[in-house]
Amino acid sequence: MIKFLNFLGRTTTTGFTKLGRGSYFLLDTLAGIGSMALRPRLVVNQIYFVGVLSFLIIVISGLFVGMVLGLQGYYILSDFGAEETLGLMVAASLVRELGPVVTALLFAGRAGSALTAEIGLMKATEQLSGMEMMAIDPIKRIITPRFLAGFIAMPLLAALFSAVGIVGGQLVGTGLLGVDDGAYWSQMQANIDFEDDIVNGVIKSLVFGFVTTWIALFEGYDTVPTSEGVSRATTRTVVNSAFSILGLDFILTALMFGDD
Amino acid sequence: MQHSNTQDTLVGLFVAAGIAGLFFLALQVSNLSTFVEEDTYTVTASFENSGGLKVKSPVSAAGVKIGQVKSISFDPKTYQSVVEMAIYSKYENLPTDTTASVFTAGLLGEQYVNLEPGGSDEYLQDGSKIEITQSAIILEKAIGQFLFKSAEEKAKK
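Here the protein sequences come in this chain order: A and B. This note's numbering numbers the first residue of the first sequence as 1 and each following residue consecutively. This note's numbering numbers the first residue of the second sequence as 1 and each following residue consecutively.
Please keep in mind that the hints were generated in silico from the structure rather than gathered at the bench. Certain hints may be false.
With the Cβ distance kept under 7 Å, some of the chain A side facing chain B (calculated, not the full set) [stated by the list, open to error]: (1) Val44; (2) Gly51; (3) Val52; (4) Leu56; (5) Leu156; (6) Ala159; (7) Leu160; (8) Ser162; (9) Leu177; (10) Ile192; (11) Phe194; (12) Phe250.
Which stretches of chain B does chain A cover? Using the computed rule of at least three CB atoms under 8 Å from a CB of chain A, they are [as the list claims (entries may be wrong)]: (13) 9-16; (14) 21-28.
Derived CB-CB ranges, DEER-like [stated by the list, open to error]: (15) Gly81(A) <-> Asp39(B): 54 to 62 Å; (16) Thr253(A) <-> Pro95(B): 41 to 49 Å; (17) Lys149(B) <-> Ala82(A): 28 to 36 Å.
Beta carbons are placed, not taken as given, at the ideal position from N, Cα and C, and that holds for glycine.
With the sequences and hints as input, model every part of the structure.
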């Protein structure tokens with residue numbers, strides 16, 4: 001019994017101290033954003049690393065998700081004789097939910113884990129302490145450009161995912177299953193609202209980009225500087241990112257689409 | 001710095017593709033392209049029952065969309081629903097004896113206001129009121145009346 005209470009207390013304390021350290025870390029990172037205007041080169045390099053190299057996986061996943069939505073949607077909608085609304089179904093589910101969420105999950109797996117491993121190894125091989133010895137702030141030099149790059153790349157990737165998915169749904173729907181091409185687009189345009197759907201989707205992807213990059217960078221920075229520590233930190237990045245993305249998605253959806 | 005140059009190009013391509021995706025979503029997928037409408041003028045109409053009409057529902061004449069519903073309110077004096085419609089200014093010559101009715105697009109489709117122009121020489125102005133209106137057909141009411149009527153006929157026999 002005492003042991004259990006002991007365990008409970010320790011878990012709570014470590015949890016809260018970690019949250020505290022994470023918040024301080026975030027503040028330091030955000031404080032460095034101003035100096036990035038002087039060195040855009042660093043951010044561009046990182047956008048290449050987290051954005052351009054994630055491009056292919058996002059586009060291919062988007063295409064297949066859209067095509068599957070087209071197939072599944074068609075089978076269900078044709079039961080009700082409402083195949084024409086396929087475009088609306090594909091676009092609404094992609095723009096509102098699947099675009100931001102699946103992109104963020106892929107992003108956490110593809111770019112987040114890489115960021116954690118990179119920074120964790122930098123810490124394990126004492127590159128970060130080396131920088132501090134040379135009076136270079138490792139947060140400004142290493143962390144902030146990566147954070148900014150993740151924050152910029154994520155909404156762009158999510159928009160690409162949704163756009164490619166809608167085209168994929170159209171390929172299957174109108175090419176394979178014979179839904180009318182005009183109906184596919186016009187039903188979509190008539191019912192997808194710019195502010196309610198598109199802008200809210202972009203807001204979601206911004207929030208997810210912020211949170212996943214923050215988690216990835218913090219786990220890397222906070223890692224135990226051993227090879228085992230780095231591997232654990234990488235796992236934690238993916239797991240914690242997935243939890244936060246799905247949890248936040250529920251909260252954001254309840255706030256955005258609740259009062260209709 | 002050859003490497004850096006190709007990297008720049010790729011980042012540029014990536015950002016351009018992302019922004020193109022956003023534009024695609026905004027213009028091709030959403031209703032933003034129909035947002036950019038010119039001036040409108042407001043006409044009101046009172047209905048016994050406006051049914052499932054919503055703000056932003058289309059207002060059409062002869063099947064063409066000529067405006068949208070701006071607001072719907074309940075008038076506690078006449079117990080009618082007052083519907084404000086924004087009509088595009090290029091369709092300014094609607095006669096004053098135009099009939100407004102609430103129709104449903106398809107069996108399960110959304111409801112819209114249909115305007116049937118009359119023969120008057122005077123035209124509706126900003127703020128004027130359409131006098132002749134026809135309420136939405138409420139499906140439950142119609143079915144109820146039908147059942148009631150057929151029961152009555154049976155009783156007569």
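Hint by hint, here is what the structure shows:
Hint on Val44(A) holds. Least Cβ distance to chain B is approximately 5 Å, under the 7 Å limit. The closest approach between the C-beta of Gly51(A) and any C-beta of chain B is roughly 5 Å, which is under the 7 Å cut-off, so the hint is satisfied. A least Cβ separation of about 5 Å between Val52(A) and chain B falls short of the 7 Å threshold, and the interface hint therefore holds. Taking 7 Å as the C-beta contact cut-off toward chain B, the hint placing Leu56(A) at the interface is violated, the least distance being around 11 Å.
Interface restraint check for Leu156(A): the shortest CB-CB distance to chain B comes to about 3 Å, inside 7 Å, so the restraint holds. This hint holds: Ala159(A) has a C-beta 4 Å from the nearest C-beta of chain B, less than the 7 Å allowed. Contact between Leu160(A) and chain B, as hinted, is supported at the beta carbon level, the nearest pair being about 4 Å apart and thus within 7 Å. With its C-beta approaching chain B no nearer than about 6 Å, Ser162(A) sits inside the 7 Å limit, and its interface hint holds.
The closest approach between the C-beta of Leu177(A) and any C-beta of chain B is roughly 20 Å, which is over the 7 Å cut-off, so the hint fails. Because the smallest distance between the Cβ of Ile192(A) and any Cβ of chain B comes to about 5 Å, under 7 Å, the interface hint for this residue holds. Taken as an interface hint, Phe194(A) checks out: its beta carbon lies about 4 Å from the nearest beta carbon of chain B, inside 7 Å. Interface restraint check: Phe250(A) against chain B, minimum CB-CB distance 23 Å, threshold 7 Å, status violated.
Closer than 8 Å: that is the beta-carbon criterion, and the stretch 9-16 of chain B has 5 residues meeting it against chain A, so the requirement of 3 holds. Counting residues of the stretch 21-28 of chain B whose C-beta sits closer than 8 Å to any C-beta of chain A gives 6, which meets the bar of three, so the coverage hint holds. Taking 54 to 62 Å as the suggested C-beta distance range, the pair Gly81(A) and Asp39(B) does not conform, at roughly 40 Å. For the hinted restraint 41 to 49 Å between Thr253(A) and Pro95(B), the CB-CB distance of approximately 47 Å keeps it satisfied.
With their beta carbons about 32 Å apart, Lys149(B) and Ala82(A) fall inside the hinted range of 28 to 36 Å.
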